[in-house]
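K.L.:
The listed protein sequences derive, respectively, from chains P and V.
56 is the number of the first residue of the first sequence in the working numbering; add one for each residue after it.
56 is the number of the first residue of the second sequence in the working numbering; add one for each residue after it.
Any given hint could be a false lead.
Copies of the same chain are indistinguishable here, so a pair counts whether it falls within one copy or spans any two.
[Claimed, not checked] Cross-link-like lysine to aspartate or glutamate pairs, in silico, EDC-like; alpha carbons within 20 Å at most:
{"no.": "1", "residue 1": "K79", "residue 2": "E386"}
{"no.": "2", "residue 1": "K390", "residue 2": "D272"}
{"no.": "3", "residue 1": "K79", "residue 2": "D312"}
{"no.": "4", "residue 1": "K79", "residue 2": "D311"}
Calculated directly from the structure, the hints in this document are not laboratory data.
2 protein chains.
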Amino acid sequence: MQKHVVGIAGLGVVGGGVVAMLEKNRAAIARRTGVEIVVAKAAEKDAAKTAHLKLSSGQVVPDAMELISDGSIETVVEVIGGTDFALDFVLKAIAAGKNVVTANKALLAEHWSDIFDAARDRGVTVGFEASTAGGVPVIRTLREAYIGDNITRIVAILNGTSNFILTRMTAEGSTFNSALSAAKSKGYAEADPTLDVSGADSAHKLVILARLAFGEDFAFKDVYYEGISKVEPADIRFATDLGYRVKLLALAKRRDDSAELRVHPCLVKESHPIAHVDGVYNSVLIDGEFAGQTMLYGEGAGRWPAASAIVADLIDVATGRAKTVAPRTSEGKLKVRPMTEVDARYYIRFQALDKPGVLARIAGCLGAQQVSISSAIQPERRHGGSVPVVILTHEAREGAVQKALRDVSGLDVITGETVLLREEE
Amino acid sequence: MQKHVVGIAGLGVVGGGVVAMLEKNRAAIARRTGVEIVVAKAAEKDAAKTAHLKLSSGQVVPDAMELISDGSIETVVEVIGGTDFALDFVLKAIAAGKNVVTANKALLAEHWSDIFDAARDRGVTVGFEASTAGGVPVIRTLREAYIGDNITRIVAILNGTSNFILTRMTAEGSTFNSALSAAKSKGYAEADPTLDVSGADSAHKLVILARLAFGEDFAFKDVYYEGISKVEPADIRFATDLGYRVKLLALAKRRDDSAELRVHPCLVKESHPIAHVDGVYNSVLIDGEFAGQTMLYGEGAGRWPAASAIVADLIDVATGRAKTVAPRTSEGKLKVRPMTEVDARYYIRFQALDKPGVLARIAGCLGAQQVSISSAIQPERRHGGSVPVVILTHEAREGAVQKALRDVSGLDVITGETVLLREEE
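In isolation and in its complexed conformation, chain P is listed as follows:
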């Protein structure tokens, strides 16, 4: 039986999962693929994390760099996280002629070219299925199934924490803060949830998907992103009444020679399956010129889904499959479209004094920028108070909408912050 020797850097939640899954399924994998995957060494400073794993004391080393100096190790799994030590470790592993499998989206979004150029020059491969959408095989789909097609759009739910919060707000009418607390108590949100709820984590993952989809050297700074903290229960209620769900979407769209890359809360029609991707689930919708619309859905994070993606990558390396996938290089054609030049339909909620003529004045500001209104909701009047005024627009240019919102904000009838959500078909 052919063997493939692996070293695992990091025995936290995911790294420990990889060890346990390989242990349980080693014989099945060998029977199904013809290759036995052997964990030679694992690196972890925290001995407590290794106690429950079936590793001998000699197999666990404190310093990940020891994996690199072990000549028997053919492939290293990087599940250390962060971008400083992890980058150093990955580049040294590649330089030593080892393949790399990583779950580190921030590392890839920020240092893609350094890593893949080094791997190409050294003749090794880098697997990263676990970096995006956990156990959902989206990297494989883009690199293999869609490599002969022309992808025009990706619409994705890539952050389980944000999706859990929005789902909870929808189901229970709760506020962002209350739903965030629930997410924390269930272990779905970090103590500092900024990376997740700000849209930055989704933006990291979108860089990876857009690179594979469009064959272009996109960077993290190319992505416009905003998070979900401004979404209020009222917006979710209005959206529901209008036949929509609110989702934090990561969007990559190709149009002629430009690409839009953006992450923000979106209205999606209740009738589409993506509107029903709830809780911590992720999904990635791919529009291909030939394949049509495909959507992948599944668990976007967590010990076992991430471990399953890493094990699949290890099998790709062990069977030689990883070497058959050409890294998609820049076709050098796509410019990133500035956010002001994006076209969309908009949901806008103004908070305004409850006086006659208010809607007319708001509509006037929009009309002056050629932003056309498709429908408006002005709930029952509460004399003397402040009321929400909700407007849905026809397709309009973002720059014009932003200009109109600035004009509206100068009106003396506006009493609170305006909420802007975009619609995605």
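Following the hints, position chain V against chain P.
P.N.:
Relative to chain P, chain V alone:
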């Protein structure tokens, strides 16, 4: 530039699509993969089908067997259909040392071992992504992404015609026959729709998915299947009122040493994304022990989705990737569980005289078989007429339910055919 030479047997809807897609994307595929895919010859008897394709007259031959005698052709695409000539063609192509890419689910469901044994012995590969769920990369997902996991269940919508009909019945309250006419007029149903609406087409595809998921030599005869023609608008209405959608599901479940393989209309909870797979779309949900629940969704048929799957398979062969995928061989452990031993929750609609005591007598028959009722709907009484009585059961054994239904059918208050639908979580 490395070249891979291909012959295409059949220039109908899908074969013509493959030629056109390769023509349009040849340069992009070569740039992205390093291999140029060249169509040397295509076989088609009907000259009218080839007129719009960019093929020279010398490239089109009337007899598919000419592709086999052409020594330059490395891979043949079989899109002839049927199981007689197609089997002969595929086996001869394999014997001549050619790889095969096919969209033919009936051929694979009925002659799997003949084909794959021959291919293994001859050292060639057989690609079949287009055979199941069209442009949705489910074969790749099962053979590559999930090969290290343990799959416990597949729940799939695999027949676009049936799904279109059920979607239409749900949206418009129409009958099966009226929705079938609509499907025919839109080109979604054949003149003879039996294969699609009887569940047989889904059963063919389920054999393929279950083989890949469980590594067992399942045959078409192992699948219990029933179609959708008995579903009435009243059932869809009741299901909707109860929070369900009705879908024709193909189910493969593993439990200990047995597997359930069945195709029939099912109630699925409205809150799950699979309930919102509408129209001619397909979807495949996979439960993996490690990966958790994953669902793939997309266009299950049609010229371009099928062509895109075939082109992806051709790229797999051309890049050497196809050779890295071991054909999953029998692990020889799973027995097929007889339908009478299946456990499920049931929706049962009786048509009965509107008289006092009817529900009690029906419930008595169920209770005598230890089938426990979870809820019952007996609509407003119409004196003297016949009314539907709908019962939802707790989990029960199919054999017991069938015995109870036979007992109920003997009651003098039953006036029409009983409809039985199963629920899937």
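K.L.:
Each hint should be assessed against the structure and marked as holding or not.
P.N.:
Against the structure, the hints:
Taking the shortest alpha-carbon separations for K79 and E386, only the inter-copy value of 17 Å comes in at or below 20 Å, while the best intra-copy value is 43 Å. In the homo-oligomer, the alpha carbons of K390 and D272 lie at most 20 Å apart inside one protomer (10 Å), although the nearest pairing across protomers, at 51 Å, exceeds that limit. Taking the shortest Cα distances, K79 and D312 sit within 20 Å of each other only across copies (18 Å), while inside one copy they are farther apart (49 Å). Proximity of K79 to D311 under the C-alpha cut-off of 20 Å is restricted to the inter-copy arrangement: shortest distance 17 Å between copies versus 49 Å within a copy.
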